[in-house]
Amino acid sequence: MTTIQLRPIDYVILGLYFAFVLGIGFALRRHTRSSTDFFLSGRSIPAWVAGLAFLSANLGAQEVIGMAASGAKYGIATSHFYWVGAIPAMVFVGVFMMPFYYGSRARSVPEYLKLRFDEKTRGLNAVTFACMTVVSSGISMYAMGLLLGVLLGWDFSFSVLVSACIVLAYIFLGGLTSAIYNEVLQFFLIVAGFVPLVYLGMQDVGGWHGLTTRLAVAATKAGYAPGAYTHSWRHMGAAADNPMGVEWFGLAMGLGFVLSFGYWTTDFLVVQRAMAADSMSAARRTPLIAAFPKMLFPALVILPGMIALALTTRSGATGFTLPAKPDGSLNYDLTIPLMLGHYFPPGLLGLGLTALMASFMSGMAGNVTAFNTVWTYDIYQAYIRKGASDEHYLWMGRMSTVFGIVLSVATAYATTQFNNIMDMLQLVFAFVNAPLFATFLLGMFWRRTTGHGAFTGLLTGTLAAAVHHGLTLPRGSGVGIKGGWLGHVATTYPSEMAQNFWTAIWAWTACFVVTIAVSLVTKPRPEAELRGLVYSLTERARSEGEPWYRRPGVLAVVVLAMTLALNLIFF
Amino acid sequence: MNLDIRLPIGMLFTLLGLLLTGYGLTSDASVYQRSLGHNLNLSWGLVVLVFGAVFLFYGRRGTAAVRSADESPEGRATEAREHRTGLESEGPGAGVH
Numbered sequence: 001m002t003t004i005q006l007r008p009i010d011y012v013i014l015g016l017y018f019a020f021v022l023g024i025g026f027a028l029r030r031h032t033r034s035s036t037d038f039f040l041s042g043r044s045i046p047a048w049v050a051g052l053a054f055l056s057a058n059l060g061a062q063e064v065i066g067m068a069a070s071g072a073k074y075g076i077a078t079s080h081f082y083w084v085g086a087i088p089a090m091v092f093v094g095v096f097m098m099p100f101y102y103g104s105r106a107r108s109v110p111e112y113l114k115l116r117f118d119e120k121t122r123g124l125n126a127v128t129f130a131c132m133t134v135v136s137s138g139i140s141m142y143a144m145g146l147l148l149g150v151l152l153g154w155d156f157s158f159s160v161l162v163s164a165c166i167v168l169a170y171i172f173l174g175g176l177t178s179a180i181y182n183e184v185l186q187f188f189l190i191v192a193g194f195v196p197l198v199y200l201g202m203q204d205v206g207g208w209h210g211l212t213t214r215l216a217v218a219a220t221k222a223g224y225a226p227g228a229y230t231h232s233w234r235h236m237g238a239a240a241d242n243p244m245g246v247e248w249f250g251l252a253m254g255l256g257f258v259l260s261f262g263y264w265t266t267d268f269l270v271v272q273r274a275m276a277a278d279s280m281s282a283a284r285r286t287p288l289i290a291a292f293p294k295m296l297f298p299a300l301v302i303l304p305g306m307i308a309l310a311l312t313t314r315s316g317a318t319g320f321t322l323p324a325k326p327d328g329s330l331n332y333d334l335t336i337p338l339m340l341g342h343y344f345p346p347g348l349l350g351l352g353l354t355a356l357m358a359s360f361m362s363g364m365a366g367n368v369t370a371f372n373t374v375w376t377y378d379i380y381q382a383y384i385r386k387g388a389s390d391e392h393y394l395w396m397g398r399m400s401t402v403f404g405i406v407l408s409v410a411t412a413y414a415t416t417q418f419n420n421i422m423d424m425l426q427l428v429f430a431f432v433n434a435p436l437f438a439t440f441l442l443g444m445f446w447r448r449t450t451g452h453g454a455f456t457g458l459l460t461g462t463l464a465a466a467v468h469h470g471l472t473l474p475r476g477s478g479v480g481i482k483g484g485w486l487g488h489v490a491t492t493y494p495s496e497m498a499q500n501f502w503t504a505i506w507a508w509t510a511c512f513v514v515t516i517a518v519s520l521v522t523k524p525r526p527e528a529e530l531r532g533l534v535y536s537l538t539e540r541a542r543s544e545g546e547p548w549y550r551r552p553g554v555l556a557v558v559v560l561a562m563t564l565a566l567n568l569i570f571f
Numbered sequence: 572m573n574l575d576i577r578l579p580i581g582m583l584f585t586l587l588g589l590l591l592t593g594y595g596l597t598s599d600a601s602v603y604q605r606s607l608g609h610n611l612n613l614s615w616g617l618v619v620l621v622f623g624a625v626f627l628f629y630g631r632r633g634t635a636a637v638r639s640a641d642e643s644p645e646g647r648a649t650e651a652r653e654h655r656t657g658l659e660s661e662g663p664g665a666g667v668h
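Residue numbers (our numbering), protein chains in the order written: chain A, 1 to 571; chain B, 572 to 668.
Simulated from the structure, these hints should not be mistaken for laboratory data.
For every residue, glycine included, the Cβ atom is placed at its ideal position computed from N, Cα and C.
Check before you lean on any hint, since a few could be wrong.
Claimed, not checked - Taking CB as the label site, the calculated pair distances span:
id: 1; chain 1: A; residue 1: 385; chain 2: B; residue 2: 621; range: 19 to 29 Å
id: 2; chain 1: A; residue 1: 385; chain 2: B; residue 2: 655; range: 25 to 35 Å
id: 3; chain 1: A; residue 1: 527; chain 2: B; residue 2: 632; range: 44 to 54 Å
id: 4; chain 1: B; residue 1: 607; chain 2: A; residue 2: 162; range: 47 to 57 Å
id: 5; chain 1: B; residue 1: 648; chain 2: A; residue 2: 3; range: 57 to 67 Å
id: 6; chain 1: A; residue 1: 542; chain 2: B; residue 2: 596; range: 48 to 58 Å
id: 7; chain 1: A; residue 1: 23; chain 2: B; residue 2: 604; range: 34 to 44 Å
id: 8; chain 1: A; residue 1: 477; chain 2: B; residue 2: 631; range: 50 to 60 Å
To be verified - Far from chain A by the CB rule (all over 12 Å, computed), these chain B residues:
id: 9; residue: 577
id: 10; residue: 628
id: 11; residue: 655
Start from the sequences, fold in the hints, and give me the full structure.
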């Protein structure tokens, strides 16, 4: 494969972007005087800014590259990650959970766990979360270095170090505000870079009609019904009927309920953006505002994958095709970058690459700001040095930014050496994350839940995830990292995704049941201590004074209705 | 925050729009074979430029000032709640009235 040649105009555009990103950091430096400024943006971010950052922090490499790859692999069913998974979860966190996160004045998700439960539950969550952010930012750096190497022939170390230094500089200077402002900028750049790509791809494939016709051929060739790639629900009746290998129940429960709610409602990476909002009503609107662009994002990140697959299958292809890997299967991960190189003229190519870089950086910055906050407030202040001055914690925030980025870079290099270790770490984190939503759900809506219950439930849930994974295998995989390592394979799933969904369902159920059981036999905290932390003991957030378009309830109904419509249109 | 985010976004997109349209006007038509014959630098560059200009306009008007909590019913409710629960001492702004 030949690398893409950039012209001077492309470098100018990339350079301009870097200059602005750094400039924002410098401009915000004077306003970053206290630890609240640095970690929580002084709780002064308007709702629309927090909302776009909420969305953008999640728009890292994994999202943009991975969703296009899944679009090519599974077709429009990938949109379930948005229309079944993310959106309902975002509505839930905005309407029901934000009153406790924002209202409790907790500065982080682990800190909420301390207020609601106890120290050990917080410690467990803080440590696993801190490790997780560093590793995922390292993995996304690795992916970026690899990609720029393949695409542009850039040196791995050059790509990794330059982007790490830029992210470090702007967070070091302006803290969370700088990260949030840049995420908003990056959001608009991602849209500006990807819209022309989808436009050209659609022109080339012959519009929606051309796309469905070609994908019908691809589906028949792969042994599915002709509409398998272009209908999101119609072929979900049985796992064997769709390329994802999942049936509707595993999809709705595993992906929709457990995994998506777990991620969008408890992951501090995204919740931190809403906590930085300037009022309770803005904090509640943050995920709801994010939901509007989020529901349209499949058109920008999944559609290119479907277009790429359609173009690859057209007969006598002279245009765009996906490259094959050495083993003969298609290399889906290169979908977006290769399409950029194929369709974009100089100038626009610079904008497209800037969009790609912007997505890498916003993902990285999201992880780093979540890391430095949890490290400083929930680990350093809680266990290492209590009661220091605010300047000291501000200093520690800056130091942990450096530290977090250095660790991420180290992780990126470690990944080049030991690919399996990364897979294993991600697996362990999946085990840790899966049960979390049960803990929060019970903690927020059942006042009887106790700290011992939450802690035991979390550990049992993680254990259940590991045991389920150890006893099952996706079809066609060997025993090892893919599962089955407990020596006995109880179930063979049609796909890795089905296995993941069911691992999550088991973990969630185990955590839910054990938390309830242990809570019933341990002593609950007095109700007076739970005010503002539990649904039944908290005043309802009122929004009567607000115009209708600012009321979370109204926005939630609009969001859900639109999402339902999208599900029906592409049924 | 004293910096309105719409300003830098407006500036960057205006500059990007100018660069793209400028390049679109001067570049050779042969580079657009890739993009199926569309001079997207020119057309998309104009869209980017207009977007940048709109953000610059609203950013310069500047409305995103920090409002004092007692100006809105919700802010007053939050303050009252914090007063009751004794949480109001947090943060650097506390005590400055």
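**Study point:** Violations among the numbered hints
**Key:** 1, 4, 9, 11
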